[in-house]
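Going line by line, the protein sequences match chains A and B. Everything in the first sequence is counted per the UniProt record's numbering, starting at 1 for the first residue and increasing by one. Everything in the second sequence is counted per the UniProt record's numbering, starting at 1 for the first residue and increasing by one.
None of these hints come from the bench; they were simulated from the model. Worth double-checking, as some hints may not be accurate.
[Unchecked claim] Straight-line C-alpha distance at most 20 angstroms; calculated SDA-like pairs for lysine to any residue:
hint, chain 1, residue 1, chain 2, residue 2
1, B, LYS128, A, LEU19
2, B, LYS128, A, LEU110
3, B, LYS128, A, LEU111
4, B, LYS128, A, ALA7
5, B, LYS128, A, TRP18
6, B, LYS128, A, GLY5
7, B, LYS128, A, PHE14
8, B, LYS128, A, GLN118
9, B, LYS128, A, PRO107
10, B, LYS128, A, ALA23
11, B, LYS128, A, ARG22
12, B, LYS128, A, GLN102
13, B, LYS128, A, LEU10
14, B, LYS128, A, MET103
15, B, LYS128, A, LYS60
16, B, LYS128, A, ASP117
17, B, LYS128, A, HIS9
18, A, LYS60, A, LEU227
19, B, LYS128, A, ALA17
20, B, LYS128, A, ALA4
21, B, LYS128, A, ILE21
22, B, LYS128, A, LEU8
23, B, LYS128, A, PRO109
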Amino acid sequence: MAEAGAALHLRSYFQIAWLWIRAAWQYPTSFVLLALGNGLITGLDFVGLWIMFAHLDDLKGFTLHEVALLYGSASLALAVADTAIGSVERIGTYIRTGRLDQMLTKPVPLLVQVCADQFTLRRLGRLTQAAVVFGWACTYVDWTPLRVLVAVSMLLSGGLVFFGLFVGFSCVQFWTTDATEFANAFTYGGATVTQYPLNIFPREVLVGLTFVIPVAFVNWYPCLYLLGRSDPAGMPEAFQFASPLAGVLTMAAALLVWRSGVRHYTSTGS
Amino acid sequence: MSVTGSVRSAQAPLIDVRDLERTFDVRRRVDGGRRRVRDSVLAVHDLTFSVQAGEMVGYIGPNGAGKSTTIKMLTGILVPTGGHVSVAGLDPSRDRVELARRIGVVFGQRSTLWWDLPLRDSFDLLQKMYRISPARYRDNLGRFVELLDLGDQLDTPVRQLSLGQRMRGDITAALLHDPEVLYLDEPTIGLDVVSKGRLREFLRALNDERGTTLLLTTHDLQDIEALCDRVIVIDHGTSVYDGPLAGLHVEGGSSRTLVVDLVDEAPPVEVPGATVRRVEGPRQWLSFPADASAAPIVAAVAASYDVADLSIQEPDIEDVIRELYSRGAPEPLG
Ligand SMILES: Nc1ncnc2c1ncn2[C@@H]1O[C@H](COP(=O)(O)OP(=O)(O)OP(=O)(O)O)[C@@H](O)[C@H]1O
Ligand SMILES: [Mg+2]
Numbered sequence: 001m002a003e004a005g006a007a008l009h010l011r012s013y014f015q016i017a018w019l020w021i022r023a024a025w026q027y028p029t030s031f032v033l034l035a036l037g038n039g040l041i042t043g044l045d046f047v048g049l050w051i052m053f054a055h056l057d058d059l060k061g062f063t064l065h066e067v068a069l070l071y072g073s074a075s076l077a078l079a080v081a082d083t084a085i086g087s088v089e090r091i092g093t094y095i096r097t098g099r100l101d102q103m104l105t106k107p108v109p110l111l112v113q114v115c116a117d118q119f120t121l122r123r124l125g126r127l128t129q130a131a132v133v134f135g136w137a138c139t140y141v142d143w144t145p146l147r148v149l150v151a152v153s154m155l156l157s158g159g160l161v162f163f164g165l166f167v168g169f170s171c172v173q174f175w176t177t178d179a180t181e182f183a184n185a186f187t188y189g190g191a192t193v194t195q196y197p198l199n200i201f202p203r204e205v206l207v208g209l210t211f212v213i214p215v216a217f218v219n220w221y222p223c224l225y226l227l228g229r230s231d232p233a234g235m236p237e238a239f240q241f242a243s244p245l246a247g248v249l250t251m252a253a254a255l256l257v258w259r260s261g262v263r264h265y266t267s268t269g270s
Numbered sequence: 001m002s003v004t005g006s007v008r009s010a011q012a013p014l015i016d017v018r019d020l021e022r023t024f025d026v027r028r029r030v031d032g033g034r035r036r037v038r039d040s041v042l043a044v045h046d047l048t049f050s051v052q053a054g055e056m057v058g059y060i061g062p063n064g065a066g067k068s069t070t071i072k073m074l075t076g077i078l079v080p081t082g083g084h085v086s087v088a089g090l091d092p093s094r095d096r097v098e099l100a101r102r103i104g105v106v107f108g109q110r111s112t113l114w115w116d117l118p119l120r121d122s123f124d125l126l127q128k129m130y131r132i133s134p135a136r137y138r139d140n141l142g143r144f145v146e147l148l149d150l151g152d153q154l155d156t157p158v159r160q161l162s163l164g165q166r167m168r169g170d171i172t173a174a175l176l177h178d179p180e181v182l183y184l185d186e187p188t189i190g191l192d193v194v195s196k197g198r199l200r201e202f203l204r205a206l207n208d209e210r211g212t213t214l215l216l217t218t219h220d221l222q223d224i225e226a227l228c229d230r231v232i233v234i235d236h237g238t239s240v241y242d243g244p245l246a247g248l249h250v251e252g253g254s255s256r257t258l259v260v261d262l263v264d265e266a267p268p269v270e271v272p273g274a275t276v277r278r279v280e281g282p283r284q285w286l287s288f289p290a291d292a293s294a295a296p297i298v299a300a301v302a303a304s305y306d307v308a309d310l311s312i313q314e315p316d317i318e319d320v321i322r323e324l325y326s327r328g329a330p331e332p333l334g
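Just chain B, same shape as in the assembly (with noise of 0.2 angstroms):
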């Protein structure tokens, strides 16, 4: 056992989960509320997946998914109730406090700054908490504040400012100690058009730059797009896939679709490989897998029906995830 930490060459994963589980005891009302019972809900189950450094992963999944609880294992937040988490060769719940020198978070829906203190202070506080070498939290700060354009909120206490520059304030403050990961729990939810643009540009070029981690988590599939070379999708606790964006739509069954407006109406065109969905007047909506070829299927349909137009849809990665999502895990959860 003593080896694994020397042994540990420059490939092995940054993080590591295998077979993780969490489960949340809850007391449920029953019979109208007059009684309650104890219940197990089973948050994360047969979870595994690794992170390399330097990747940007997008971690997605639905509503209740386990997203969150992944995060705050990877942390330390929660105790894992079973399976095996580590990240940088650490035990993220024993060594905690170890593993925050080195890691970032934020977590959208709620801010890591002093309400009532100005911007500044709370960076001040961090330099000290993080024991942050002057010279580099200069250097940090000054560069951060300037990509995010936060120069005339530091002296505004933090309750004063806007949803977007708050925003902005926290990934300043979990960057400033140059974290090796940065997880972010739906980073962009609420932002403008134009600041979740300014956001990723800048998630990108840490990336480019720092050779930061990242692992996100969002409900916005633009920021996936964007940002993330590799999804993890996760339903009902476990994942359901792992792998580049584009292969979803292998994965989903996701398929094309072919617009037909043929010169008269007609009843449904037969063609082999293709199935219509939908009939509009002369239009005509067909759909085929999206690794077929269109060319047989437009030829096909060319050859028996006078066609005034054709054009072709590609799927929409929602709709991938969607398909997904609905197909779900097996397991109940309560």
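The following block holds chain A by itself, in its conformation from the complex (with noise of 0.2 angstroms):
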């Protein structure tokens, strides 16, 4: 994909993207109402951290604000890459109902199509959610150059990570059907896992968070660095510097399957 093409699929998603965005103010009432409940819903989620740590002092030696500055990174990079592209995990439905086969007779990459169709901003109050709880965190962050670039660098690979795993994850329905519970526990089950410090799981899990399912990158091991702790798992330093690779690997390799399952795609027999 050269340059210039790279910026042509960008000014297509965003033109599909606005359409939806019109066509969803022909009823701003339920939009409001909608981002409203899903930003009640992930505020609540935070209240219920909030609640633990009012019994306990801290997770395994992580303070509140330091969890919440894993909770607000990791939330932020899930939502803006499910509002991004949030809409790959319909392939299933999409490949059932024939809208594959006329997404493919566009002039428009189909990934880039997935992606922008019914885009929508509902997930704007678990955005909003997500950047006040990272922003309250920060300010406890003892601030250097050197880690504001690692803080920016963990937001962008962050969602390069959650990108490579909804596009991976969903390419299952190309070769099965119904498989968006199994892709969901992927993505949302990565998700989840990474709002707390991942001290608490067992080293098998965080070696597996690390190497298979790399969400530990999303957010672990830059705040490590960021919150100035040395690892307590002992892994390599160099792993704090790591995430940008880690993004870029996941998204090559979720681009791999995805063409390999494009070329797989059987269509439907009517």
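With the hints as a guide, bring the two chains together.
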């Protein structure tokens, strides 16, 4: 994909997304209610954490604002990825309804169309909530120029990792239909796990979350650096700067799976 | 290999299909559903044909013959499992996105339009996707909306359109970018007689004025008779006839019928070159090959019987096709 190509794809993406936003605006009340409801539900998540801390002083050595940093950064990356490309999950439905056939006859790459289709801002609530928590937690960080850089690259790479996981696991639906639950177990499951300090899990789980489903790079490793902590699990210190690499690798793997999924696509009989 | 692109002459076919094959792996239940076995369905095989720019070709065959599968391979939706296909010099599945700019596709059973959005929004988005220049877009939209009488529906959400209106919307959507080829998979399905007629008129004009190549699948032979000089008949995944519509009669071994009204009831008449198919009182139906002359048979009947009236029935194209279908290809299908 050439540079110019990528810019064009991005433009197509926003053109399709814009169409859906305009369509949603035709029912402004339901849009606002949905966004509010979503924000409320995720807000309650965090209140749950808060209550837990009222009874515990810390979570395996992590204070409330430290957990908030982990929670906020992971939620932010997830919310961005989910808003941008969440509809890729629906690919099974697109296959069954023949929508995918239609998309395949349009001069815009399939992935761009699938991701932008039915674009919705109803996750805006979650996005705001995540940003507020992250912002609050950031005020406790002892900032240095390098830490700012790591924080920015953490958010971008985290988005990429989730993007890759969403796309990669959604591709399962090219081979078997109705695998949404299976895909969710990895994407949302992975996201939930990252809301906690990963040292609460056995080391084997941490290894899995590093090398298999690399969500530990979404927030855990870079946050250790931001907080100036040594790794309680004793993983190499280099991991704290490796998030961009993890993001790019996950994306690349996902795109390969996607391509082979599209070539394997068998359409429907009618 | 590098020269093939540059020597492609104007005469090179727009669509070129050679020994095309597509199989599907399916899982089938056996033993009353207790066991599942893998099976392979040969949807298209040994299919060869080519279409020149500007042709209007009818692509017909019984249910499950492989028509839609062929169109999906021509558009790049499905990757062939064997053989060769090229459209406008491109490999559809490999160069799918590039080819999409040059072709239009209408699946009669499914809409390409965005269900919840007004027709106009769908068209606007297509303009952006295909990067159609504003001037050309305005021209084309204006023309198709007028020809297809869609003016009043432009601001209606697609889900509120009738089937006929939606189909016209879909056809407009497929043509806004001036494609060189238009594939239509059962475009008249579910339309009333008047709408069908109008659609055919529109397609004919499109081909006349813009030279758009048309490949049309349908189960309505009147579509073919109205539009296509050439038909390809496909059965069990492979072509069993390719030629002018008129030639189907010969190929199908079809016959004409001489209806004889005798003055009195009589046993079946006996004349050379014709056989009696049916007797009903004094009326008898004699059939003879479509390509034979009726004159000697009429003369022979008149010479030996008292004839009150005579008439000749031309073969029915539907019967011919049915005959072709029932012969079928020898290949058994899963
Ligand atoms: N996605 C698929 N998976 C499995 N089998 C398929 C698939 N698509 C088509 N087939 C099989 O391939 C054969 C050809 O199907 P196809 O849809 O091309 O027929 P058709 O000529 O378009 O029929 P119709 O006139 O009913 O539309 C059928 O036996 C069908 O069951
Ligand atoms: Mg079909």
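Violated constraints from the hint list, given by number and in increasing order: 15
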